[in-house]
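Engineer: If you read the sequences in order, they're chains A and B. Each residue of the first sequence is one higher than the one before, starting from 85 at the first, in my numbering. Each residue of the second sequence is one higher than the one before, starting from 19 at the first, in my numbering.
Result set (DSSO-like, lysine-lysine): computed pairs, CA atoms no more than 27 Å apart in a straight line: (1) Lys288/A to Lys277/A; (2) Lys23/B to Lys182/B; (3) Lys133/A to Lys145/B; (4) Lys333/A to Lys288/A; (5) Lys182/B to Lys256/B; (6) Lys145/B to Lys224/A.
Just so you know, the hints here were simulated from the structure itself, not pulled from any lab data.
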Amino acid sequence: MSRDCNTGGSRRDVLFGAIAGVVTLAPGITLTTFGAAQAKPAGEPVSSKIRWGLLVDVGKCKPDCDACIKACAQENGLTTTSRPEIDAQWIRKVTLRDRQSGVTRTTVAMCQHCENPPCVDVCPTGASFRREDGIVLVDKHICIGCRYCMMACPFKARSFVHEDHDDQTTAAPRGKGVVESCNFCVTRVDAGKKPACVEACAGKGGGALTFGDLNDPDSDLSRALKTLPTAQLRSYLELNQGVRYANLK
Amino acid sequence: MAEVKYRRLGDHSPMLTGLMALHAVLVAAGFGAALYMESNGHQVTGMNNQIVWGLPHVFAVFLVVSASGALNVASVSSVFARLAYKPFARLSGALAVALLVGGLAILVLDLGRPDRVFVTLFHRNLKSIFAWNIYLYGGFVAIVSGYLFSMMDRVVSRKVLVNKAFGYAAFSWRLILTTGTGLIFGLLAARASVSGGIMAPLFIAASLIYGLAFTVLVVMTMCFETREALFTDEMVGKFRGLLILFALSTLFLTTILHISKFYEARSLGVELFLLRDGGIYPLLFWGGQVLIGTLAPLALLARMHGGRGDRGKLGLASLLFLIGGMAQIYVIIIGAQAYPLDNFPDFDVSSNFGDGAIASYVPTLPEALLGLAGVSLAMMLTALAFRLLPFLPQGVVRETEFSA
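I would like the entire structure built from these sequences, with the hints used as guidance.
Structural biologist: Next up, the structure:
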């Protein structure tokens with residue numbers, strides 16, 4: 085199920101959107117050219133002309149780095165408890181040890197923003213939905229907390245809010261008793277920025293994360309996908325995820 | 019031929035009063051537990067972001083599946099024209115609705131936002147089997163209520179066609195309902211141990227055994243309560259035969275499920291986990307479902323030879339089938355979640371979120387109380403129905419004593 089998302093915006097958003105629009109109109113020059121995401125003009129519905137995606141280059145993910153996880157937590161107001169198994173895990177660091185070679189590397193796992201998301205298919209109320217631009221979201225106003233989406237998610241990418249929170253951010257309001265997951269920092273993306281994890285990885289990390297428009301052949305993401313051998317997790321499920329992994333093997 | 023006479027439950031014996039008091043305490047404790055979970059969040063339960071459905075779901079699914087099967091006796095009398103079962107048709111219908119309500123109460127109270135349950139009426143995703151189940155549950159209550167009305171109303175009950183129509187509708191609906199419940203798991207492509215269409219017939223077979231076991235135990239309790247042998251030795255034999263048939267069907271489908279999973283490379287690991295290496299799960303499967311829940315009651319039923327102890331054996335076998343059923347549902351629901359998802363094939367995976375590791379789950383007291391409260395609520399509603407309306411057959415009912 086896809087849904088148009090007509091988000092409201094501040095004057096700054098409008099200004100930013102207008103600038104982005106002008107820059108995009110310039111022949112051959114887009115914001116993507118300069119390494120940023122395209123801003124969606126405020127008030128304009130999202131379009132299926134764009135499909136946001138993310139490339140995780142496992143070869144560049146530093147084992148001792150958690151910049152992306154900290155940035156995600158700060159951006160979305162995620163806090164930890166003494167029980168990691170009930171903590172919100174929008175993005176998590178995963179250690180991979182090749183069974184044949186014994187080589188150990190690290191990567192990150194999060195919502196894979198599937199084109200055919202099982203979480204959306206099974207949600208009884210339609211609270212889980214996929215925007216036209218490929219971002220999979222939870223409408224926290226109509227999520228009843230049944231957790232069927234968590235049962236259906238093939239990537240263990242969703243978290244259930246197990247406790248009250250009074251330290252929420254305006255960008256990502258959170259509520260006890262509903263399900264949530266990585267949303268590609270949708271408010272940032274709509275404002276023409278990159279997700280917090282991508283920005284942090286480029287700054288303090290190894291530059292392992294590339295965000296962009298899969299439908300734009302000139303985006304950084306598309307160019308990287310043309311040059312690197314990439315894979316989708318559990319590809320036999322044919323979910324056509326927006327998140328791809330490079331240098332897994 | 020005489021018509022079957024029905025009665026309401028009259029004065030309560032101390033035994034029934036005590037039983038109802040126990041159920042009332044459990045229901046109150048269950049609602050208290052739900053309130054506690056709602057106030058503090060699910061952090062006070064053993065559930066987490068890996069085991070997202072816990073003991074309350076085991077109870078809930080068990081009761082919902084049982085509800086469909088409890089209607090079996092009524093279906094056998096109406097749809098298959100086995101008149102010997104007719105005296106128990108009303109009782110089985112009332113029990114079916116009560117079991118469903120008990121199961122749904124648990125499901126609703128275990129939601130993260132139980133206050134939003136009515137959101138499901140206004141926002142629906144018809145691609146979701148869960149959404150369909152909401153309509154199937156509501157429809158079940160409506161159709162079975164109509165079915166009961168067609169059996170009990172003085173005027174309508176004489177219209178055989180109306181009764182038949184309701185009988186067929188209820189029979190079809192209960193099959194669809196249990197199919198829907200089985201597919202809640204069968205459609206989970208991500209969970210190798212449960213995905214597959216076989217979950218629908220497996221749940222139907224399981225529903226028949228659980229539902230009939232519940233019916234037998236309720237009839238036997240009413241025999242104690244009314245001090246009347248409500249069913250003949252002949253009926254004891256019929257119930258015995260059906261229980262054997264349903265138990266063997268469930269065992270057969272369970273065997274097929276596991277054999278087919280063993281042949282599938284991607285589900286081999288989880289199969290070995292559930293059947294051999296997974297600690298509590300193989301124990302519950304082999305010890306709970308197979309030994310205590312299938313072979314032991316089958317042995318008891320096989321040793322019934324028409325003697326005085328047959329009713330006791332029938333009752334004990336029914337109780338064991340129910341224990342086995344709980345074990346079966348526990349392994350299906352919790353076992354499927356405990357085994358790690360294979361997100362990165364060819365790698366040994368680890369993380370601070372349990373990637374690549376077996377998830378542990380220890381149910382807490384609030385969860386157990388909520389689950390037990392669902393069973394108690396179903397039993398209290400059944401007793402209340404018996405008290406208010408003539409659901410119980412009066413006296414020993416012989417097959418030759420009533421007309422269709």
